[in-house]
Each structure stands twice: as structure tokens, then as C-alpha cells.
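**Student:** Residues per chain are reported as follows:
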Amino acid sequence: MNKSRNVKVNVEYLTRVEGHGNIVVNVKDGKLEDCRLDIIEPPRFFEGMLRGRSIFEAQHITSRICGICACGHSLASIQAGEDALGFVASEQTIRLRKLLLHQEILDSHILHIYLLAAPDLLGVKSFVPLIDTHNKVVRRALRMKKNCNNICDILVGRHVHPISAIVGGFTKLPKEKDLDTMLDILKSMQPDMDATIELLATLKFPDFQRPTEYVALVNDTDEYPLLSGEIGSTDGLKLNKKDYLKLTNEFMVPLSSAKHTKASRSSYMVGALARLNLNFNKLNLKAKKAADLLQFKPVCTNPYLNTVAQAIESVHCLEESITLIEHFKANGLKQEEAIVVGLNEKGTIPVRAGKGVGAVEVPRGILFHDYEIDKDGKIINANCIIPTGQNLGNVEDDMRKLVPEILDKSDEEITLMMEMLVRAYDPCISCSTHFLDVKFTNR
Amino acid sequence: MSKPKVAFFDFACCEGCQLQMANFGEVLLDILNLVDIVTFREVMSEKSEIYDIAIIEGSITTAHDTERIKNIRAKAKVVIAYGSCATIGGINGMKNKFDLEEIKKYVYRDGAKQIETLPTRAVHQVVKVDYFINCCPVYPPEILKVLKCVIAGIPYAVPDYAVCVECKLNENVCMYDKGITCLGPVTKAGCNSWCINNGNICYGCRGMVTNPAKNGQLDILARHKIPLDWITNKLDMYNKPRELDEQK
Ligand code: SF4
Ligand code: SF4
Ligand code: SF4
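Protein sequence lines, in the order shown, are assigned to chains A and B. All the letters of the first sequence, read from the start, carry residue numbers 1 to 443 under our numbering. All the letters of the second sequence, read from the start, carry residue numbers 1 to 248 under our numbering.
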């Protein structure tokens, strides 16, 4: 039957992903002729626009690459900027940045699990019908999202485009009562997080396996690496962050405004699943317990389970955030470390010519920012490599293996499985344009 | 009366303004009681071609998008420009400073051929806009204020006085007194001096006041001997596409 099968999938404006893309699948006489993920987001030229701007503006500008991982872009930008300037941030600043990154990952994962992925698993088109059928679940999701948002409001002024996190440190620091408020919010989230894991344990994910190369930050300590580390992979790759170009090898593909990447194989995967596959042992106890409950074991080669990996990481991030705030409460925050830099009119931060790289694990995977600045701190060259861009090749390789395996299903089922696959990667398309719709052409 | 049908559309943007809706938390459910959201690609697979209110996020930067926005305008009774990318071109406007062919080659190298792009335009520079919600990202209290006006069918006037007015009410120490340049004196208020309250400077994301001599707080600049030109130059981070208004 399959031999004579023609399938044409053409999903334009793929929904429930952040950004725009098309999925194109063309099966003719049972043979897969075309299988693509096209990115049709209008390009925004961030790297080009950064040229001539001050390194002290880079965080503000690059945060706007993506509203969903604005804090992640900010942190990668700041790291690259400080690396170029030769500025070393204080221990307190690093801890606060870790807190911010944990909140960013938690916030983004919750958004993806509940609002973007769960509707597929519950068989509806969006969270809207769930308001009637699963009101408690929707309320929980919105409450958790709001809680992360409130923490970011306190910590950096707002979650979408943080205000106070800059090169050099923080322009405003949380006060004693702010620490108490954040701790109360985080603790109030614990029962909601338990309920989230219980919910996920009841959902059935498609069974599909395809081993690939998993890439994430790695380190030699006990800490689950997110804010810093070296580049590592399950194929044994190990690189200093400065050598990221050896990993990413960006190249353009026809019909798409996004760039693809490859390392040891034709493609590699970044994100929550990749991080767990490399660093599972470094998760905190509660996260490992959640993994047990969800029957997750590394190395996991089912990309649909990226959503499960995100849930496990969410538990980790929530608990780590609590530990960080308890540390601040016990040791106090040095308010005198708050700094005003502006465009460095006062020379608060010494400036030199240089190059710098930021490599940070953001919700969707490893993110690189790379800047070259002149002696006045003006940006001469900039490069940003976004997680979704790194995952594109891997998604297509998954699609190529998946489609022949599900040819006996209906067009609708195939389309849904493909959309779910792409959504499992939690693609952030605004980012990768420097990136998604399903087009089945001729099935 | 049936609930107005609302559709969200995104153009060149970071989608942070859409995310501000999710950031309302459970208040979002109250908003959903007042309106019927029929299209919202970021969070919904349902879509509808019939809507009353179109909320536009992002700037217009391609020929395809120019046609798309014209179609939306033709179908919608009310068009809301939502966020700085839509109201003033915003951060995407920095591109207009560069030669488009050059910047394409810089970012996409060999792939530049397959990239098409036009100078960044704000939505009102392509089609008529009924309501403006400024800010990058949109400021939640203002979203609610504007939505109420839209539902009541009355106009919303964006404040046309300087951020400094709000900043002083919030009793912040002025950045100029710390030796730092701030765009508050020439930027439209309405964000409750969001950035300065958090220790940073104003970057001008809400757009420039229409008549700086009348609506700006130029006394601050005068006191610190800062020429207005110098400040308006800095406004290019968000406000570069305003030149297209001036050309009209
Ligand atoms: S105005 Fe700012 S937050 Fe809103 S879409 Fe544009 S860049 Fe993103
Ligand atoms: S210049 Fe800036 S800091 Fe000073 S009053 Fe105006 S908005 Fe506030
Ligand atoms: S203070 Fe300035 S930059 Fe900040 S939100 Fe208000 S207008 Fe925008």
C-alpha cells in the first residue's frame, strides 16, 4: 500500500511555536522526496545593526532578539561583553545571574509545557478549550507563569527585556523584603510543580527513537552547568567556548532565512533533552525524583520527550532558585554593589579593544554571542548563534526517519505528528532568523 | 452584544509583546471574558478570517508583509499597533541606517541572495492605525487601559509629555545628576518611568514627544549643557523610522 502512497503536507504558519515556519513533506509513490522545515520569519539583522553601537548597549539590543528568552540573550550578551572588556563580575553578581537564568528556564519551560505542548497531548487545538475542560490546569499554568514573571519583576524590573542586568552587574539589587517575597513565591510554586509532574506522568508521548549527537555545556564540578562551562557532546566533543565556530559550522539552506549547523554528524541537538543526556547526574535530588516518576533515563533518544526533560529541569530550577535566595538571606546582599553605567560616560568600567564570547544554556539550548570591540568599546563585529538554528538540521533528520515509519496513518495524523515533533523542540523562530510552517507537497 | 473578535498578528518582532499577554496570569481569563480571541498563532492552532479587532505586533519589513497588513486592515474594524516595533519601527529600525545590500551580506553571507528586505516601517506608515500601544515591551497597565477604550469605542490618547514627569513623581535621582545621559526628556511618558525606577536609563522606546520644545523637559538638558541634537541622534536605537514620517 505504501508503495503507491502520495503524501503532500504543507503546513503554512505553524502555530504554537514562537516564530514563523513551514513544514514541507513530499512523498511520491511511497518515496520521501522532500522533507523540510522552512523558516519564513522576516529577517531582522541584529548582528549587522550592532555594528557601531556601544558594547554597553548590546544587552539592551540583543535582548530584543527574542521576547521569550530575553533574559538568556541578555546573559549571553553580558558574558560576551565582559569577556571582551576583560571585566570580571563579582561572586554576588554571578549568583544573581544564576537566579535569573533559573527563573528564565523555569518560566519558558512552563509556557511550553502547558500552553504550547499540552494541547496536542490532550487532543485540542490550543489552551483555550482547556479553560472549560481543564480549568484547574489552565489556572495552574497561568499562576506558575505569573509567579516567574513576578520574580523577574523584582529581580530585573521585568521578565520581557530585563532592565537592571547589565555589563558590570546590576543597576538595582533586591532588598531584604524582596528576598522574602521571592522566597514566598517560589515556595508557593512547589505544590504546583508537583502537580505538573503528576500531570505529565499521565500523558502519552509518541514513541519514536533516533540517536543523534547531543550538545550542551559541561564542567568538572558538581554543578548542573547553565551559566558557564565548556562545550561538550555525547560524541565526545570537547571545546572551549571561544572555539564555538568549530561546533556550529553555520550554513544557509535554500528557501529559508535561518542558518543550519552541524558538528560530528549531519546534525546535532541542543536543549533540555541534550542537557539531561549529558549532565543528568548533576541534577538536584528533587529533579531526579521527578525523573524517576516520569520514567526518564539518559541517554534518551526520543525527541518528543524534550517536553518531559523540560519538566524535570523545571523542578531543578525551582529548587536551585530557592537555594540561591536562602544563600542571599543567610549572607546578605551587598547593596553597594549596585552600579549605574549608562553608556559608561563616567568610565565606571575600564574599556579596551578585544573579542569576547558568551556561551549560556538558555531554555532551548546553548546560545552563543560573540563580539569584537574597538578601543572605545564600539562593536566592530557581532555574531549570535541561536539554539533553534542549531536544532533545525536535527529536526529535519528526525522528520526524514519519522515520515516513512508513519506512512500508514492518515494525512491529518501525519501532519499532527510532524507538528508535534517540531513543537517538542520548542522552536523559537524569531530567534533563528537569523527561522517554522508544515508544507506537505504531493503525498 | 456579542463579544468583539480579536486577532493577533505578528510581523518583524521578538514576540515579547504577545508574551506580555501570558504574563497577565489569571487576569488573562478575565480579559478572555470580554473578548473572543480568534487568532493568536503563538498559542493557538485555531484561526479565523473574521475578526473585529486586529492587534499588530512588529514592523513591516518585506513586500509580502506589506500586502499582509493591507489585507488585515481591509478586514478589521479596528487596528491596534502593539509595541514599539509596530508603533515606531522600534529596534528593527536601526537597520535603516545601513545599506540594505551590505547588511544582508554581513549577516547572511552567501545566503544573502535568498533574503528579501525593505527599510523598516511602523504600521501607520503603511496602513491607517486606530490605537497605539507604545513601549518595548508593552506596559501591562496601559494594555488594559487601551483595551477598555477599544471596547467602549472611545479614543485613547498616548501621553505626549516627557518620561521625566513620571520619573520625578517617582522621586528617582536624575541620571544627569549622576553624569549619565538619559532619553527621558524627549521620550513619551506612559511607562511610569519603568527603566529609571530600576536603576537604568531611558532608551526612548516609547517614541519621541511630538514637539520637544513644548512637550519635552528640555530644562534638564539645558542645565547639563546637553544639545538637543545630541539626544535626538541617540534616539535612533528605537526611532530611526520616524524619518519616513518626516519625508511624507
Ligand atoms: S516592541 Fe519590543 S518587546 Fe515588543 S515585539 Fe518589538 S522588540 Fe519585542
Ligand atoms: S532625565 Fe531621565 S532620570 Fe532624569 S528625570 Fe528625566 S527620565 Fe528621570
Ligand atoms: S523608561 Fe524609556 S526606555 Fe524604559 S520603558 Fe519607559 S520609555 Fe521605554
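Possibly wrong hints are sitting among the right ones.
What the hints assert, rightly or not - DSSO-like cross-link-like pairs, simulated, lysine-lysine; straight-line CA separation at most 30 Å:
(1) A/K282 <-> A/K187
(2) A/K375 <-> B/K113
(3) B/K3 <-> A/K136
(4) A/K177 <-> B/K178
(5) B/K178 <-> B/K5
What the hints assert, rightly or not - Here's a subset of chain A near chain B, in silico, CB distances under 10 Å, partners left out:
(6) I65
(7) V137
(8) V138
(9) R139
If you're looking for bench data, these hints aren't it; they were derived computationally from the structure. Treat the numbers as computed from the prediction; the structure is a model and nothing was measured. The beta carbon of each residue, even a glycine, is placed where N, CA and C say it ideally should be.
**Student:** Enumerate the violated hints, using their earlier numbering and listing them in ascending order.
**Tutor:** Checked against the structure, the hints that fail are numbers 2, 5, 7, while the rest are satisfied.
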